[in-house]
Amino acid sequence: MKKSVLLWLFFSLIIGRGIAQTPTFPVNGVQDERPDRVAFTNATIFTDATTSLEGATLLIRGGVIEAVGKTVKIPAGTRVIDLKGKRIYPSFVESYAAYGMPEVKREARGFRGTPQMDSKKKGAFGWNQAVLPEVRAAEVFTGNPQEAAELRKLGFGSAVTHSQDGIVRGTSALVALLDAKDQEALIKGPVSAHYSYSKGSSTQDYPNSLMGSVALLRQTYYDAQWYKSVKGKTETNLSLEAFNQNQSLPQVVEVTDKLGALRTAKMGKEFGVTYILRGSGDEYQRLPEIKATGLSFILPVNFPVAPDVEDPFDAGIVSLTEMKHWEMAPSNAALLAKEGIPFSLTTATLRNKSEFLANVRKAIAAGLEESAALAALTSVPARQMKIEDLVGTLKPGLLANFLITSDNLFSESGTWYENWVKGVRYVLTDMNQTDLRGSYDLAVGGRQGLKLNITGKSDKPEYQIVVSDSVKVTPKVSRQGDLLTLSFNLDPKKTKGENRIAAYIDGKNIKGDGYDAAGKELTFLASYKEGARAARPDSARKAPLAIGKIIFPFTGYGTEEKPKQETILIKNATVWTNEKEGILTNTDVLLQNGKIAKVGKGLSAPSGAKSIDGTGKHLTNGIFDEHSHIALYSVNEGTQSVTSEVRMGDVVNSEDVNIYRQLAGGVTTSQLLHGSANCIGGQSAVVKFKWGETPDNMLIPEAQFIKFALGENVKQANWGDAARVRFPQTRMGVEQVMMDAFLRAKAYEKTWKEYNAASNKAGLAAPRKDLELEALVEILNKKRFITCHSYVQSEINMLMKVADSLGFTINTFTHILEGYKVADKMKAHGANGSTFSDWWAYKMEVKDAIPYNAAMMSKVGVNTSINSDDAEMARRLNQEAAKTVLYGGVSEEDAWKMVTLNPAKMMHLDGRLGSIKAGKDADVVLWNANPLSVYAKPEKTIIEGTVYFDLEKDKELRQSIASERNRLIQKLLTAKAGGTPTQRPQFQRPRHFHCNTLGGLSEEEGQVRYFGGQFTCDGSCGY
Amino acid sequence: MKRLFAAIISLSVLAPAAKAQNDAAAAPQKAPIALTGGTIHTGTGQVIENGTLIFDKGKITYVGAATTSFPAGTETVSVVGKHVYPGLISPANQLGLVEIASVRATNDQQEVGDYTPNVRALIAYNTDSEVIPTVRGNGVLITQATPVGGVVSGMSSVMQLDGWNWEDAVLKKDDGVHLNWIGYFRRSFDGTGVSTVKNDKKDEQLHELDQLFNDAIAYAQSTPATVNMKLEAMKGLFDGSKNLYVSADYGKEIIEAVKFAKGKGVKKIVIIGGEESLLAADFLKENQVPVIVNTTHRLPNRTDDDTDLPYKLPYLLQKKGVLVGLGYIGLHWRTRNLPFLAGTVGGHGLTPEQALQLVTLNNARILGIDSYVGTLEKGKHATIVVSAGDLLDMRTAKVEKAYIQGKSVNLDDKQKKLYRTFSEKYGR
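Top line first, the protein sequences correspond to chains U and R.
full-length UniProt numbering applies: residue 1 is where the first sequence begins, and numbers increase by one.
full-length UniProt numbering applies: residue 1 is where the second sequence begins, and numbers increase by one.
It should be emphasised that the hints constitute simulated quantities derived from the structure, not laboratory data.
Treat each hint with caution, since some may be false.
To be verified - Restricting the straight-line Cα-Cα distance to at most 20 Å, the calculated cross-link-like pairs of lysine to aspartate or glutamate (EDC-like) are:
{"id": "1", "chain 1": "U", "residue 1": "K847", "chain 2": "R", "residue 2": "D128"}
{"id": "2", "chain 1": "U", "residue 1": "K953", "chain 2": "R", "residue 2": "E130"}
{"id": "3", "chain 1": "R", "residue 1": "K202", "chain 2": "U", "residue 2": "E235"}
{"id": "4", "chain 1": "U", "residue 1": "K955", "chain 2": "R", "residue 2": "D304"}
{"id": "5", "chain 1": "U", "residue 1": "K562", "chain 2": "R", "residue 2": "D128"}
{"id": "6", "chain 1": "U", "residue 1": "K460", "chain 2": "U", "residue 2": "D482"}
{"id": "7", "chain 1": "U", "residue 1": "K549", "chain 2": "R", "residue 2": "D304"}
{"id": "8", "chain 1": "U", "residue 1": "K690", "chain 2": "U", "residue 2": "D950"}
{"id": "9", "chain 1": "U", "residue 1": "K971", "chain 2": "R", "residue 2": "E130"}
{"id": "10", "chain 1": "U", "residue 1": "K121", "chain 2": "U", "residue 2": "E235"}
{"id": "11", "chain 1": "U", "residue 1": "K847", "chain 2": "R", "residue 2": "E130"}
{"id": "12", "chain 1": "U", "residue 1": "K617", "chain 2": "U", "residue 2": "D314"}
{"id": "13", "chain 1": "R", "residue 1": "K312", "chain 2": "U", "residue 2": "E939"}
{"id": "14", "chain 1": "R", "residue 1": "K198", "chain 2": "U", "residue 2": "E270"}
{"id": "15", "chain 1": "R", "residue 1": "K198", "chain 2": "U", "residue 2": "D308"}
{"id": "16", "chain 1": "R", "residue 1": "K252", "chain 2": "U", "residue 2": "E235"}
{"id": "17", "chain 1": "R", "residue 1": "K252", "chain 2": "U", "residue 2": "D482"}
{"id": "18", "chain 1": "U", "residue 1": "K955", "chain 2": "R", "residue 2": "D306"}
{"id": "19", "chain 1": "R", "residue 1": "K312", "chain 2": "U", "residue 2": "E235"}
{"id": "20", "chain 1": "R", "residue 1": "K198", "chain 2": "U", "residue 2": "E952"}
Stated by the list, open to error - Ranges between beta-carbon positions, derived for each pair:
{"id": "21", "chain 1": "U", "residue 1": "A962", "chain 2": "R", "residue 2": "T67", "range": "49 to 57 Å"}
{"id": "22", "chain 1": "R", "residue 1": "T68", "chain 2": "U", "residue 2": "N928", "range": "41 to 49 Å"}
{"id": "23", "chain 1": "U", "residue 1": "A962", "chain 2": "R", "residue 2": "G58", "range": "46 to 54 Å"}
{"id": "24", "chain 1": "R", "residue 1": "V197", "chain 2": "U", "residue 2": "A546", "range": "28 to 36 Å"}
{"id": "25", "chain 1": "R", "residue 1": "D200", "chain 2": "U", "residue 2": "D506", "range": "56 to 64 Å"}
{"id": "26", "chain 1": "R", "residue 1": "D203", "chain 2": "U", "residue 2": "S413", "range": "45 to 53 Å"}
Stated by the list, open to error - Just a sample of chain U residues kept apart from chain R, beta carbon distances all over 12 Å, derived:
{"id": "27", "residue": "V30"}
{"id": "28", "residue": "Q219"}
{"id": "29", "residue": "R768"}
{"id": "30", "residue": "L771"}
{"id": "31", "residue": "M873"}
{"id": "32", "residue": "A962"}
The model shown is predicted, which means the values in this text are computed figures rather than measured ones.
By construction, the Cβ of each residue, glycine as well, lies at the ideal position given by its N, Cα and C atoms.
Use the sequences and the hints to build the structure in full.
Put into structure tokens, the structure is as follows:
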């Protein structure tokens, strides 16, 4: 590998003299301008992915194409290169390169080190170290000969390169992959503007979560709009200036998965931007939604390494998702192409760039049309980046970037000869070297009747001497131009020692002299007999390999068809209505059009209705979990004390198997909350567990909630000694943060009101839109409601007083383990309480927690629910509700409401959820027994008339997981046996977030857990 | 409901409200006691309807059908309509060693060093822990106080949940040594979350462990002039007087750990955790190694696993012929839910009586205390729970009486006191 790189450098040094001189630079010596017109004749020229011209001519002058066509007139003084039988293609365009960019130095961010609240970047730039729109690739570009050579070998002639650092990354530049002065290599800048969700080298705390990154990007748009419009600026912000300037360029966002693509498309709609997405390779898993974005993609061809599944224990670790993705990833491009989704291909994310062409060929083998692949490497990226007047096709006026090949570009047997970049010739394989492939009659010394066969690729031939039918010898051969050196032993079984021959190519024959093993002189004559057999034509390409089906979501328990809404009549069940009718026996419930249509006895089934016998079974509402952190990519933006701008709705993960597991526990609705690492956290996502749907289809948009938190987590009491910087560190400070935030929000609202009320806005600039304060204004105006993590009575009382003084109500205190101490005050204030059944003793502020809390709050008159805050407990919330019967003697009917009607009320959704009543959402669960019993389990979980969990179907799913796994394991074993490299699997247990502690496992508090006795920090800080 | 409230209020007249300390330890049994008319779940699988249970001097003297012949001076207690169970046994737990998990000063479960077989949970067991009565109140009467951390964490002791001090409370002293098997994977924290990564030091650590056991074997065969407390602590492993408790979850690790311990001549081996032990079930059966499954209330480890795998794991192991116990490992306060962990298995494969055995007889057999406790049989300790309904179902469970070796245990606790105190606030 290294040797070959050196070889190209060698060639490039020799041939690179054709580079035009830089006119503004002084010359040391005499002027050395050379004739710079070259014509390539008799070639098959692919001017673009779909147009080829036979016997055509390409005429270039300097670095630019002058003419291309079948009837090009060649001026005198033109060097002519005859390419008869050869092909010319446009060189590839890499649209997502970091070529020539400074190295991104990611400082190790110590876990719970001293917080860094401010940016470390010096100068008149923005406040956040991850927002770097001012970085211009053109200004920081310096060529890198080795990387350029590597890319040229892969067929690239130019690259759009940018500094891949930060959330806002500045602009890219188009560079030619030349070994030349940077002044010659840099073609154009700026080309495109770049964004990501990764903060890169930023050491600043904010943001430390995905939703924080989204929020920061969103706020930056608003800040830039304000900066553009504001009159009488009091500050100069070069970042915002650059951000605004960059908006006219193609806007490229890097995402790390298919849901990131959907999220970004939504943001694009919000700001009227048509993004180009640097995808992740799993787009096929949500194809219809991806298509509906209408966006174009830059796709990596980074396919997963095959997991080694020979050992059954190890195989057990590999998930169905991983195995299916291994199988299907090469099909991604083909599947997108079939849907007409435009994309280019990039080497980005490949660990080893040399795999690029092999992987493109894999994509072709998986069904991608060759012309589509070629377009994705040439004209598409050029169009995406709006540089089609410079690169990507072969047209007059464009850069002279082209490849010369022996054959079809993608054919494995073909040879790539040269990659010309901006008129500079780079040799990949010497095309003037005689192709020796063929069979020869061979005479060595006195021995006649031997045969020499030369096969393989023309640039990597394989030699074999046939001594007899049973004796075949592979000589060692090295070649320099027309000279060959060979050594071989014709009778390896009988004699030792080698014949050594120095030979040369004489017309079609090979002649030479040398010595045998004894040192005697020897002649060598290989007489050409016939050429090598023609390579297999491309049309004989194998049909795409059989692959499994896409399932929704793309994980175990996903299904090929998303479940559909039905008309369902459940007959003769015990129905827990949660209405004044109470628990009705032998009752029928009809579900129609996603709603509960009728509740009564002896109902008849409408035509087409599915009838379910509920005899001996219990029908209830689906469980509503008021406090959950499942199905989220991240939970805490635990950096600043106030982060009301972040939205959990931006980071919902619809593919989390815990959704299905909770359906199996009867949960249908859940509030996905921000964590409790700061006083004012983020906005909730309230979702229905419509397994298989996208995040947006799961949301209940009218439920507008936000997480607040009090106590040990927000004052970082259990975060170690380094975390003593952020305000507040005491409960005293918490009150001040809350009060200050709302006072700021009030002032903000006033400013906007005044602006909106002004009759003549001509001389006025709109105030800056502040998403953090907007959320707080919504609270003040009772459009958004608080769920506040809380434990001890003093802080609960405090927050109610803060709210009272500002004229709003704390909607819900969650955890609220000392709620029983201030239940009377909560009732007077109008707060709801959402608590655990029996948690305590995991930290200081819960030492007075009692399991009678729910019962007592409820008795005092506080609307009370039981929540999980835990992926595991959520699937047993029926049991947790039952504990209020044990602790405090709540009636069974009221106990059940603690996980259904009461949370629906506190989430202001009892108009459509929480009881079995005609007109409400058909979100119901059919249980095999009294739902409060430890022995009870759901047999069917239905949301809006769609059965999302069915005990019988579950058995089938388990079987199909097993058989699909087995199919893939067999396929992986075959692949391994066929030489596919494999990798030993690693156990990836998905992360779970909680607000509290699961006994020793305490995530929110960032303590330690004892797992298998290993004392490890589990310290996710504050969920 | 109203009646219950009244009962609690009447209790509050007797006991002063919300004081910080626990109540007095129970006094020794003075006279024979007969529990009559209840449904007796003996723990052997037998259920005696309308049965009678008599105990004297801390031991059971009669279990069976209703009888009228009582020893002289017997106090008869009617438990008609109620359910009688053996006291539940909670293995591998930190109850009594940890008070408030996040407050370091209240944690006594882990010593410094990777190899500390000599440290004894026994003497750190705090009978005055306010958590203990809350666990006892749900029918757990015996716990195995267990040190954690490092590779060899130390020695556990089996404790009764009543007593003035650890000497009073102990049922079986230094019953075993706890080894955390050196895994293929280790957990790593990268600032954003925990992931499981390959343990690169496995060979090195295994070598160290091997050396420790070799030295312990040599030490046990002679009487060295200088006492080595670590090796002294391990002696009992080779003559069967101590269990070796091995924490291991992954199938391969379980096999590896058992082979290691057998190879060193360890007589009694117990696997703790065993989340993935199903893959090694046949091996465990052949080698007669029992498993204490760690909580049924956990998530499956793998996305593709059956969603209810943790619920039914004890059933699946038992079906394969493995002796299975059940515990709430590492979760001190949560041990109060031990009956419901078993109840969950009752809804997932086992019968309720088999589920009960997981936390009574099976745990007793595994810990080597089944000659005293674990079932209600003549001659065994009168360590008994009386519940208003099915003890394993939170919907019906309500522990009304508990006896430890015949001593009537006070079932009040800090949380009930706080409940009473604030009930007073709201005037009820």
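Okay, the hints, checked on the actual structure:
1. U:K847 - R:D128: Status holds; Cα separation ~15 Å.
2. U:K953 - R:E130: violated, 47 Å
3. R:K202 - U:E235: violated, 58 Å
4. U:K955 - R:D304: Distance ~13 Å between K955 (chain U) and D304 (chain R) Cα, so the pair holds.
5. U:K562 - R:D128: violated, 56 Å
6. U:K460 - U:D482: holds, 15 Å
7. U:K549 - R:D304: holds, 17 Å
8. U:K690 - U:D950: holds, 13 Å
9. U:K971 - R:E130: Not OK: K971 (chain U) and E130 (chain R) at ~58 Å, beyond 20 Å, violated.
10. U:K121 - U:E235: Satisfied, since the Cα-Cα distance of roughly 17 Å is no more than 20 Å.
11. U:K847 - R:E130: holds, 10 Å
12. U:K617 - U:D314: Violated. K617 (chain U) to D314 (chain U) sits at ~41 Å, over the 20 Å cutoff.
13. R:K312 - U:E939: holds, 17 Å
14. R:K198 - U:E270: At roughly 43 Å apart (the allowed maximum being 20 Å), E270 (chain U) and K198 (chain R) break the hint.
15. R:K198 - U:D308: holds, 15 Å
16. R:K252 - U:E235: violated, 64 Å
17. R:K252 - U:D482: violated, 60 Å
18. U:K955 - R:D306: holds, 9 Å
19. R:K312 - U:E235: violated, 65 Å
20. R:K198 - U:E952: violated, 38 Å
21. U:A962 - R:T67: 49 to 57 Å: Given a distance of about 54 Å, which is inside 49 to 57 Å, the answer is holds.
22. R:T68 - U:N928: 41 to 49 Å: holds, 42 Å
23. U:A962 - R:G58: 46 to 54 Å: holds, 53 Å
24. R:V197 - U:A546: 28 to 36 Å: holds, 35 Å
25. R:D200 - U:D506: 56 to 64 Å: For D506 (chain U) against D200 (chain R), whose Cβ atoms are near 60 Å apart, the range 56 to 64 Å holds.
26. R:D203 - U:S413: 45 to 53 Å: holds, 46 Å
27. V30: holds, 60 Å
28. Q219: holds, 22 Å
29. R768: holds, 31 Å
30. L771: holds, 24 Å
31. M873: violated, 7 Å
32. A962: Check fails; 8 Å does not lie beyond 12 Å.
Hints 2, 3, 5, 9, 12, 14, 16, 17, 19, 20, 31, 32, counting from the list given before, are not met by this structure.
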